[in-house]
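Novice: Chains A and B, in that order, are what the protein sequence lines are. Position one of the first sequence corresponds to residue 1 (the numbering used here), numbered consecutively onward. Position one of the second sequence corresponds to residue 1001 (the numbering used here), numbered consecutively onward.
Quick caveat, the hints were computed from the structure, so don't treat them as lab data.
Quick look at which bits of chain A chain B covers, simulated, 3 or more residues with Cβ under 8 Å: (1) 175-185; (2) 211-220; (3) 241-253.
Predicted, not measured: the structure shown is a model, and the values here were computed from it. The beta carbon of each residue, even a glycine, is placed where N, CA and C say it ideally should be.
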Amino acid sequence: MTLTTEAPGATPAEAPSAIPSFQVTMRLRRFNPESDTEPRWENHTLTMHGTDRVLDALHKIKWEIDGSLTFRRSCAHGICGSDAMRINGRNRLACKTLLKDLPLKKPITVEPIKGLAVQKDLVVDMEPFYAAYKSIMPFLITTGNDPSRERRQSPADRERFDDTTKCILCAACTTSCPVYWSDGQYFGPQAIVGAHRFIFDSRDEGAEQRLEILNDREGVWRCRTTFNCTDACPRGIEVTKAIQEVKQALLFRRV
Amino acid sequence: MTTTTIAAPRSPRRLRGRTNTELYAWLFMRVSGVFLIVLVFGHLFVNLMVGEGINALDFAFVAGKWADPLWQVWDLLMLWLAMIHGTNGLRTVINDYAERDQVRMWLKMLLYVAAAFTIILGTLVIFTFDPCPAEAAAELLPSFCPGA
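Next comes chain A alone, as it looks inside the complex (with noise of 0.2 Å):
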């Protein structure tokens, strides 16, 4: 039995009283369409604690200070990949970002992410970023009649491409890339990781076609190899070294 209950006479107000608490400034980067003309900067200092990340930050401002802050979050621990946003100018999901693991000395600044248009606050339009993840074709192209059983795959064949199946398309590695700051056309990380992910399956059949949306001008060559993608994943993917491999598969066609 690995259920721990908890035990019957323990009060759980006493709890956090057993965690050091501290003082932090938020700088929140708000811009409301329906009254501003340029985003601003909003201040405030919070009492926190040691357990909490920058999600229980916002979540307090929001529901005991100013309840119009607008952000994403679903499931707030690290799976759905709604609230990325840049806190203290990295792309980091909010629910996975300890305060105490960021220098409280310092207001910790929470931005939207960059690349994509604000909607408000927190929230940006992903609908470019879904785009680009369609283009690449992300579901499994076979040919031939489908078989009455499931498809095989060796454990060796899966590991190849075991790394990219971890994302949660959060748009955070995409959103660090500054070449998708200035280049709205380009594919962006995310979408090539999506594309590795069919590209290096056994089972999948639609590899040259993806790879050749990818040798577009827009696509895989436009990378400069800066690994602010593979810093940002929350998932830890290594993204440059996928996206390498792509480059790679469309030198050699050997995938």
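Given chain A, put chain B in place with the hints provided.
Specialist: Chain B alone, transformed into the frame defined by chain A:
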């Protein structure tokens, strides 16, 4: 009446200009980079380190080098590879950072014209270089020329 043609389901997307231009440009940067390391450091070593080193560098030294077909080919390769390598690098910078189509086009035109001019002029000099032109005034000729 015009008939609309509907593509068969699952037919591959029509891509604008199915070429490998960007692939070859990317590959060229890697290959020319390797060659340039050898060519440039060889050039620096021979000009600055061998023999008297930098003190031997003068008009006569350069004239002597270009009398030798090996150095003609060496310098020609260096000129062409470095110019195309650099031009392609600048082309990607312009593509990355010029936002308006018109600006991008004119910057690239300027770049290509400047690169072509330098390559043609350099190639011409390497192959037509004559340290002792026959019709030149005697006081303008270097000391090793028969007329000086």
